[in-house]
Amino acid sequence: GNSVTQMEGPVTLSEEAFLTINCTYTATGYPSLFWYVQYPGEGLQLLLKATKADDKGSNKGFEATYRKETTSFHLEKGSVQVSDSAVYFCALSRSNTGKLIFGQGTTLQVKP
Amino acid sequence: NAGVTQTPKFRVLKTGQSMTLLCAQDMNHEYMYWYRQDPGMGLRLIHYSVGEGTTAKGEVPDGYNVSRLKKQNFLLGLESAAPSQTSVYFCASSYEWDTYNEQFFGPGTRLTVL
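Quick note, the sequences are listed as chains E and V, same order.
At position 50 of the first sequence the residue is numbered 50 (my numbering), and the sequence of numbers has no breaks.
At position 17 of the second sequence the residue is numbered 17 (my numbering), and the sequence of numbers has no breaks.
Rather than coming from a laboratory, the hints here were simulated on the basis of the structure.
As the structure is a computational prediction, the values presented were derived from the model and not from experiment.
For every residue, glycine included, the Cβ atom is placed at its ideal position computed from N, Cα and C.
Among the hints, erroneous ones may be present.
Just the calculated beta-carbon pair ranges, DEER-fashion [to be verified]:
#1 10/V - 10/E: 39 to 49 Å
#2 79/V - 78/E: 49 to 59 Å
#3 38/V - 2/E: 10 to 20 Å
#4 76/E - 82/V: 40 to 50 Å
#5 62/V - 76/E: 18 to 28 Å
#6 97/E - 38/V: 38 to 48 Å
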């Protein structure tokens, strides 16, 4: 079946450190891939997305590349800030459907 | 433009009680969704709607019912609450039904069933 697996958290980093959050997926067809972010006390909001293989999504300094050969969509940021502290969810949307399948979420805490 | 709103924000129920969660969106979106979020499990789809008057089951529909009488509203009902339904519930909406479309989420309702 279709599924998304993220690295376990929490991830604790110092400000300006490099961030990688791993995400791998299993899917039939040609899914689109997403990263959503949930700031404390809020709902989820879209951070970035990629709709086909080799596409790179980017937003607010975050990047992720859709790697079909490794079925991965790792999230990276070169220099994290305290304000990036949140829960990050990797998700996929299967072909011809609007339904999302989420990973378990990874908590990021950035310390000054 | 409020986006997606949810009522109430918090609720405590006793086992066996019933309640309805209300989701409203002002973006004229056709598609709406209810998810539950549990620790270590991400978000799981309960029910969804592809238009006014339609509903469909998602991944974890048991114990829940939904209605979409108006395009802007999507109601989630618990007829007889159980402790296993303690969770954070999120409503979302989207403009289109396709693989690359963004979903917009409400702020969530934290429900505790004692």
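| query | So does residue 62/V sit 18 to 28 Å from residue 76/E, Cβ to Cβ? | reply | 39 Å, violated
| said: The hint says 49 to 59 Å between residue 79/V and residue 78/E; measuring C-beta to C-beta, is that right? | reply: 50 Å, holds
| query | So the hint says 38 to 48 Å: do the beta-carbon atoms of residue 97/E and residue 38/V match that? | reply | Hint violated: Cβ distance 23 Å, outside 38 to 48 Å.
| query | Is 39 to 49 Å a correct range for the gap between the Cβ atoms of residue 10/V and residue 10/E? | reply | 24 Å, violated
| Between residue 76/E and residue 82/V, is the Cβ distance one that fits in 40 to 50 Å? | 41 Å, holds
| said: The hint says 10 to 20 Å between residue 38/V and residue 2/E; measuring C-beta to C-beta, is that right? | reply: For residue 38/V and residue 2/E the Cβ distance comes to about 19 Å; the hint holds.
Hints 1, 5, 6 from the list above are not met by this structure, while the remaining hints are.
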